[in-house]
Structure formats: C-alpha cells, structure tokens
Amino acid sequence: MKTYLFHFHEMESANSNILSIQTEKLTKRFGDFTAVNAITLDVKKGEIFGFLGANGAGKTTAMRMLCGLSTPTAGKAVIAGYDVYKGTEQIKKRIGYMSQKFSLYEDLTILENVSFFGGIYGMSSAQLKSKSEALITQLGLENETKKLVGSLPLGWKQKLAFSVAVLHQPEIVFLDEPTGGVDPVTRRQFWDLIYDASDAGITVFVTTHYLDEAEYCNRISIMVDGSIAALDTPSNLKKKFSTESMDDVFYELARGAKRSGD
Amino acid sequence: MNNTSGFSVVRNQLFSFVRKEFYHVLRDKKVLLILFGMPIVQVLLFGFVLSNEVKDTRIIVIDVARDEASRQLITKLGASRYFQIDHISTNESEIEPTFRKGKIKAAIVFPVNFQQELQHGNQAQIQIVTDGTDVNAANTINGYIMSIIQDFSLESNPLQKMPYRIVPEVRMLYNPQLLGAPNFVPGVMAMVLMLVCVMMTAVAIVKEKEMGTMEVLLVSPMRPLLVIISKAVPYLLLSFVNLSIIILLSVYVLDVPVKGSVLLLMSLSTLFIITCLSLGILISIQTDSQQAAMFASLIGMLLPTIMLSGFMFPIENMPWPLQLISNIAPSRWYYIIVKDVMIKGADFSSVWKETLILITMTIALLAISMKKFKIRLA
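First to last, the sequence lines map onto chains A and B.
For the record, in the first sequence the residue sitting at position 50 is 50 according to our numbering, with numbers rising by one throughout.
Count along the second sequence from 1, add 1000, and you get the number used in our numbering.
Calculated from the structure, these hints are not laboratory results.
What you were told as hints is all true, and nothing was included just to trick you.
Result set (DSBU-like, lysine-lysine): computed pairs, CA atoms no more than 35 angstroms apart in a straight line:
{"hint": "1", "chain 1": "A", "residue 1": "K101", "chain 2": "B", "residue 2": "K1374"}
{"hint": "2", "chain 1": "A", "residue 1": "K147", "chain 2": "B", "residue 2": "K1207"}
{"hint": "3", "chain 1": "B", "residue 1": "K1374", "chain 2": "A", "residue 2": "K93"}
{"hint": "4", "chain 1": "A", "residue 1": "K25", "chain 2": "B", "residue 2": "K1209"}
{"hint": "5", "chain 1": "B", "residue 1": "K1209", "chain 2": "A", "residue 2": "K86"}
{"hint": "6", "chain 1": "A", "residue 1": "K76", "chain 2": "B", "residue 2": "K1374"}
{"hint": "7", "chain 1": "A", "residue 1": "K44", "chain 2": "A", "residue 2": "K25"}
{"hint": "8", "chain 1": "B", "residue 1": "K1209", "chain 2": "A", "residue 2": "K76"}
{"hint": "9", "chain 1": "A", "residue 1": "K101", "chain 2": "B", "residue 2": "K1207"}
So that you can see chain A by itself, here it is in the shape it has in the complex:
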C-alpha cells in the first residue's frame, strides 16, 4: 500500500479553485432547538474535509442537510453545483454516502452488494460489470466475491462500504464516522482509499471522533453547540492554539460546550 501521509499537505491541483460544497449561514431548527446554527463553509473539489465536533454538536444534522436528506430551515447551500432546496435530485446523483452504521447487506455476497448499489444508482449491467471488477481488484478481494459480507472482518466491510459509496464516481463522498471500531492499521488502510479517491478528484467530507484522523485531512472544522468554532488546516489550528496536538485544540474548543451527548 502506498502512503500519502508525507505529501498530501502540498496537494495542489488544477481543481483546487472549484468549490464542491458551499454553505452560507446554513441553519436547522427543530422547534425551539437550533441544531445547526448558521454554518458557513467552502470545500474545494478533491479536498479532504474533516468535520469534527463532540456528540450532539450538530454534525449529523449538518451532514444530512448537505446530502439532501433534511431540508434546511434557513441559509444557503450549493452542493456539486446544485442548490439544496431545489436540486436534491441532481445532488443525489452526484454524491456518495457511507453511514455511521455499517451500511451494506450482510446476507448478500460482496458481488451482490456491489451490483445492488450500482443498480440503485441506475448503472446498467455492462457498466456494473467493469466497475465491480475494478473495485474487487483494487481491494484484493478476487477470491472472496462469493462470500457473504456478514462473514468479513469489520475493517474489510468498511473498506468495501467506502468503495461502494464511490462506485458511481460521485463528485463528493460523505463519510459519517467511517472508521468506528477498527484497529489503527486498518484505519490507515482505509485512509489510503480516501486518498486514492481524493487523487481521483472526489471531494471527501468526513466526520470522525479520532483526532489523529483529523490530522490526515486537508482542512478541518470543529463544531461546538451547532456552530463552527474553528475552521483551518490542522497545522494552522495547532499554531493558533500554540499546541503540538489536535487533542488540545479540540478540548480547548469543546470545553465551552453547553450541549453534550446525543
């Protein structure tokens, strides 16, 4: 496996000026409760954007709005060039999503899962055939294609779920805590897949609890009580808080939080 850890900060590409995600004062209220409070952020094409925050900070709600799963109460958002209020149909075609809960079917084989998700993105069987072969080769699962997904180790399942989420070559892939519960080695392998996707021009929007993972991102934002408390590259944030670790940055910001827990 290649490792990108030493050169991703220098990542410069022709795409870097195109915006994949653009929000302005995006807000979601449930009755009196403001789950997401006027967040404004831009994510460039091909960027790996880390979306951090304690439980209950409003990450999931914000992400659901960006995916078109939930209608914002106020504010603007343009995803892959389409407005979230009017263009959800178009947005859905152009994004991939991997949910917090493991999101493949355990009683289907690897190949059946790949075919199913390709199918619901409207792929024809010819398109699917070449795509799924490439995916299986990339993951090195040639001999396991007939195995039920339920019998695979969690790390493999997650890598497979990611590959399925980018099977239809979306412009943006949203990952909701994709590496929960796996060991550090598997997590690094997972991040290699993320870099591959980013190199291919796919924008990666990822939420995580692991602060070491935050360091792998090009830029991160930290949400506290529904608002964005900080947004910068990991190195700039560390400089700003004059500390060596992301943990300190996070705790410094999260300490003032009034909401906690889900």
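With chain A held as given, fit chain B onto it using these hints.
Below, chain B without anything else, positioned relative to chain A:
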C-alpha cells in the same frame, strides 16, 4: 448517470432492488418457513384437525329389535363414510361403559318391535345417545344420523304418504354435509395473506431502518416512493405463490373446489394483497424497530383478522361495539368475497360492495402512508 435515460435508470433500480429483496427472503430460513410452511400447515390444520366435520365416527348399536328394518338401517349407517360401527349389541347397559372408555361418540338404540311399529303404526322410535360434553360434535353427529334415517324412511316407503307427520328437513346450503373445510379455507386465505403481506412487508422495511441501510437508500437517487414499491413487489409475488398453494391444497387435498370464476377470485385476492401491503407500509413508516413492527402487525392486524372477520366467530353474535369495529378489518370483507366466489360460486355483481370497500381502504391507507412518509423525511 447522465448518459442513460430516465426510464432505464428506473428499470435498473427496480430490477436490482427486487433481486436484492429476493436474496433476503430466500436466504432467511425463518422467513421461508413462515412464508411457505405456515400456509400449508394452516390449511391442513384447519382443514383436517380442527374441523367439526364428522368422519368415521365410532358408534355402538344396541339392536334389541333384531329385525329386518333395524338391520337395513344399521347397514346403511355403517356404509356411510361418517360412521363406523364399533359393535352391535342387545344389551343397553353396555352404552355407558363404552362411552366412558372413549371408544364411541354415539349410541343408537332400536327398541323391540321396531319393524312392526314402523309398518303398522307408521311411526317408530329410536334413541340416539350422544356425548353432551362436546356439544358441537354431538349436534353434528345428531344431524348426520337424522339425515340417514330420513333417507332410509323415504327409501323404504317411497309411495307412502305421511299426511299427519311434519318432517323438518334441514338443508345446509352450499355445504350440505357440514364439512369443515369450506368454512376454513376462506378464513385461512385471509389470515395467511394478512400475515405475509402486512407483517413481512412491515418488518422488511423497518429492518432497513434499523440496520441503517435506509439512509443510504434515501441518499441515493432512487426515489423514496420507488424504494417502497420495490420493497413491496417481492411480497406481492410471494403472496401469489401462497395464494396458489392454498387454492391448490383446498381443491386437491380438502376437496373444496372453486365454484365461481378463478380469475375473479385471483383478481380480488390481488386487491386484498395490495390492501395488506399498504397496511404493512403504513406500519413500517410508523415504527422504528422490527419488534415493534411485528408486534403491531400481530396484535393490531392478525388478531382482528381471526376474531373479527367472521371466520371463527359469527359477526352477528358479537356485541355491537365489536360489530362496528369489525367493519374496519379488511379481512372481514375479503372473507365474504372468498366465501361468495369460491364456495357459493357468486359472480362480481354480488361482491362489488365488498370490492369497493377494499379499494377505498387501500386508497386511504396509501394516502396516509405517503403523507407520513413525507413528514418523516423532512
């Protein structure tokens, strides 16, 4: 995919989804057992075991008369497929002990001079003793014996006029032999379809929610309505298989033929299946766990089907609040349709009202589901 047309996208989506749904069903042994084992077991159980039909009932005959007439009648009783004569005796005191041993269900006593009385007085008495602890069976056995005796007296005196005797002739229409199966088959059909369509569909949809795959589906370009439709299609097809199994079993194993049009029966059953699927969809939208969905389907749907459809307990005998509630049980109307079409051989003109009620229910259920579904999505 921009280079593919909208139609082929929808076709690919639908095809992949339905195929996936079949994998789920065919790989889950428990689901398979419920799907295909249950209808067969229920049809056979209700058809044979639970029926109040009388078949090869053992009886004892106390023939004190020992004459030609009594012998003829005994032969006739023994020849019928309803009774099997345990033994013939002349001693009345044998009746009770034999009953107690549980060997027999009825005893028939021919008094002395049976034939003489029959020929001269034109009237003879026999005594029928049945087991009163099992009232239903006792009544049925009584009915059978009476009808055999009536047959016998008509046969032996075909020309004889009996001006001063009123012979009550009770005929059970459509089910003259009081067979159990014609009563149960329509009920079992309603029950099985209800269970498969409502519970299976509800659980299958809620499972996606519980597993977190529903979110992934909703983020995909597949329209939510199409997700729900694709989820229901496999159960529609499986219900057809079930329906066919039940009808075949009832025709070839239980000897209950479809008297009316098979096409009409199938079309109206399809309507009922769609009603049930809509109900299942509504339950799945309202619940978040498989257990809750199953509970809602079983308690909320299956029990009323059994209790209120008129299949086990006649609706006319219920207190009025229950009669009122029974109106909203879709199975009540379907049960009437199946009974009319399958057993009585009625045509559409006699079941249009029930059909209309089912159509209205389906539209209402789907409308509520759609509304709730949109609210949940927001």
